[in-house]
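Chemist: Here this note's numbering is used: the first residue of the sequence shown is -19, the next is one more, and so on.
Because the hints were derived from the structure by calculation, they are not lab data. Do not rely on the hints blindly, as some may be mistaken.
As the list claims (entries may be wrong) - SDA-like, lysine to any residue: derived pairs with alpha carbons at most 20 Å apart:
no., residue 1, residue 2
1, K13, T154
2, K70, Q101
3, K76, G86
4, K151, N51
5, K11, R(-6)
Predicted, not measured: the structure shown is a model, and the values here were computed from it.
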Amino acid sequence: LREKQMGKLTEIKRKKWVSWENLIKMYKDSKSKWNEYSWETWKKQKKVRKCIIVQARETMILSMYLESVDNPPRRLLDYGLMRIAPKGVKERDLDKNFNWCLLDSGFYIFNQYKTSKTYKQQKLYIDNNIIKYIKNYIEVAKIDDFLFPHSKSNKPTAITYLGTMISKIIKKYTGKSGI
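Could you put together the complete structure from these sequences and hints?
Modeler: Rendered as structure tokens:
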């Protein structure tokens, strides 16, 4: 309790801690693994194996949280309610009940987030490297609406599942769980 009051990590938290350097190494390893799959080779196949979709999703998620130097990481719900804007759609025509990924113009639009009543709509630039990984994932996984769709419906996936995905990615690359 005393460590917690002083703002220090408890022994349990210290064992689970992943340093920024390890997170960056994890991201580089994921990108390397994705590149090993030879994007062009997999694009030519008629059937994409599940492991390719998983690796594309992992690399995309890590890029969204670690690649952007201009945008701070977002809450899971912010990405959970994110839809992919159809090509050529006007921003004014996008449903304000969702967040949007506009790949053509290179922006995220956040309408629904914890402090949206105070700060209103946020429009944030998407780094080109992140756009590349999002496009790869969309193409491999055949995504056309929600960025993280439920596997059996055209609805957003549960926020708890997004958290589980991130925990599995971290455990895969660091061996640490319960983060």
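Chemist: Give me the numbers of the hints this structure contradicts, sorted from smallest to largest.
Modeler: Violated hints: 4, 5; rest satisfied.
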